[in-house]
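Participant: Here are the chains, one letter per residue:
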Amino acid sequence: MSLENGKISSFQLSVLIIGFVFGASVIIAPGQGAEHDAWIAIALGLMEGLIIAGIFTALARHFKGKTLVEINSLVYGKILGNFISILFIWYLFHLGALVLNNYSRFLKLELYPATPKTLTLILIILVCASTVRRGIEVLARCSLILVTLTIIMAIFDTLLVVPHMVLHNLMPILDIPLGKLLWSSHGTAVFPFGDAVAFLMVLAFVNKPEKGRSAVFKGIMIAGLVLIGVAVRNAAVLGQMNAIYTYPTYITAQVIDVGDVLTRVEVLVAINLITMGFFKISVAYYGTVLGLAQVFNLQSYRPLILPIGILMVILALTNVSNTAEMFDFANQGYPIYTVPFQIAIPLITLFVAKLRKLPKIGGEEI
Amino acid sequence: MIALVLMGFGMVALIQIPGLVRKQWWRELICFTVFWSLGLIFAVILSMGIKLPPLTTIINETICGILGI
Numbered sequence: 000m001s002l003e004n005g006k007i008s009s010f011q012l013s014v015l016i017i018g019f020v021f022g023a024s025v026i027i028a029p030g031q032g033a034e035h036d037a038w039i040a041i042a043l044g045l046m047e048g049l050i051i052a053g054i055f056t057a058l059a060r061h062f063k064g065k066t067l068v069e070i071n072s073l074v075y076g077k078i079l080g081n082f083i084s085i086l087f088i089w090y091l092f093h094l095g096a097l098v099l100n101n102y103s104r105f106l107k108l109e110l111y112p113a114t115p116k117t118l119t120l121i122l123i124i125l126v127c128a129s130t131v132r133r134g135i136e137v138l139a140r141c142s143l144i145l146v147t148l149t150i151i152m153a154i155f156d157t158l159l160v161v162p163h164m165v166l167h168n169l170m171p172i173l174d175i176p177l178g179k180l181l182w183s184s185h186g187t188a189v190f191p192f193g194d195a196v197a198f199l200m201v202l203a204f205v206n207k208p209e210k211g212r213s214a215v216f217k218g219i220m221i222a223g224l225v226l227i228g229v230a231v232r233n234a235a236v237l238g239q240m241n242a243i244y245t246y247p248t249y250i251t252a253q254v255i256d257v258g259d260v261l262t263r264v265e266v267l268v269a270i271n272l273i274t275m276g277f278f279k280i281s282v283a284y285y286g287t288v289l290g291l292a293q294v295f296n297l298q299s300y301r302p303l304i305l306p307i308g309i310l311m312v313i314l315a316l317t318n319v320s321n322t323a324e325m326f327d328f329a330n331q332g333y334p335i336y337t338v339p340f341q342i343a344i345p346l347i348t349l350f351v352a353k354l355r356k357l358p359k360i361g362g363e364e365i
Numbered sequence: 000m001i002a003l004v005l006m007g008f009g010m011v012a013l014i015q016i017p018g019l020v021r022k023q024w025w026r027e028l029i030c031f032t033v034f035w036s037l038g039l040i041f042a043v044i045l046s047m048g049i050k051l052p053p054l055t056t057i058i059n060e061t062i063c064g065i066l067g068i
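Chains as they are written, first to last, in numbering that gives the first Met the number 0: chain C, 0 to 365; chain A, 0 to 68.
Next comes chain C alone, as it looks inside the complex (with noise of 0.2 Å):
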């Protein structure tokens, strides 16, 4: 018995990771540390981001219809295969507890400062649990229309900023050192593109899994070609500040003022931060509930939504003591952290897979 019935479309998925990508990577802009250059070192990221993705989506075409977890009893048999799954389900929930933990950290110093954080990621997770409840169609549905709407947002609000824009605060290009370029290109790459490797546990929901791969490529490019415009943008209105401000986004939308009738326009940036990450967070949340029922072999998922989502609240309200151990995680831990999870399980994986000649069917290799 299958643990989830539901099926998306292969557009359905593309925007579904746009959603993914720009959820939290709006919140801590990518390739801050390449400061005026943060578009560059987005570019960059975009690339390994795309060879990355080649990798993990090798791995879903050469096992159609499977998810990691399910890959990993065929490749490395039932108890080596649960102990690597169990490695990548933790990472899908860590995920998940650092995207909370970035959310309620933005509405408590932006938004609702009196509000406590604990109220706030209750509130998120039983949005992102009723979601995981209803399985995966639900979500790739949603995001149709909350990705549209956060890509007209954006391109609005870019627009009503094009007074504000210096360009010449894009000069000069490439001044800083190559290895910190390469570094925070890095750090793009993995953080937002790289976090892709999620839809492990989703491609094999696709109804048509030849058309998985070029899905994944497609949602990575239009979300970060979109990166780089709100990359240039931010650069281009608040010049050397950018680097220094904690939401570039946020501050940026705050210079809006068309003739003082449209101003703070920046809730409507704020929602769409939110909306983005619920994908984000619900993608990661899925994808560990799934693994668990699949390595402990249930009948389906939803009996472990709630108590998941409950540990998931309570590492997001743990895992940093404030807001600057966060960003240096971010910025220092984190691209190396990922590599085990985003690199060398998937290529690995399909590296044993290719040397055992596997998936078998009926004793031929296909």
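I should point out that these hints are in silico values taken from the structure, not numbers from a laboratory. Source: prediction; values computed, not measured. Treat the hints with caution; some may be incorrect.
Stated by the list, open to error - Partner residues aside, some chain A positions facing chain C, computed with beta carbon under 7 Å:
#	residue
1	L19
2	W25
3	F34
4	P53
5	I62
Cβ atoms here follow ideal geometry from the backbone N, Cα and C, with glycine treated the same way.
We have chain C; now place chain A onto it with these hints.
Facilitator: Coordinates of chain A only, in the frame set by chain C:
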């Protein structure tokens, strides 16, 4: 605070357990109970004002320590 936490966890158990018992999904019930209990323990610890170690910070310090970043 602890009373609120216990009430919340009690509600979650009331929502999930009867359905699992009715369907005789014992494996699912065991998994649910294990994760639910873990959540309960950590939530009670937090609500008593005891701080849990910041896991992400520890991971970051370990990576930075090993690589000398």
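Participant: Hints numbered earlier in the text: which of these fail when held up against the supplied structure?
Facilitator: 2
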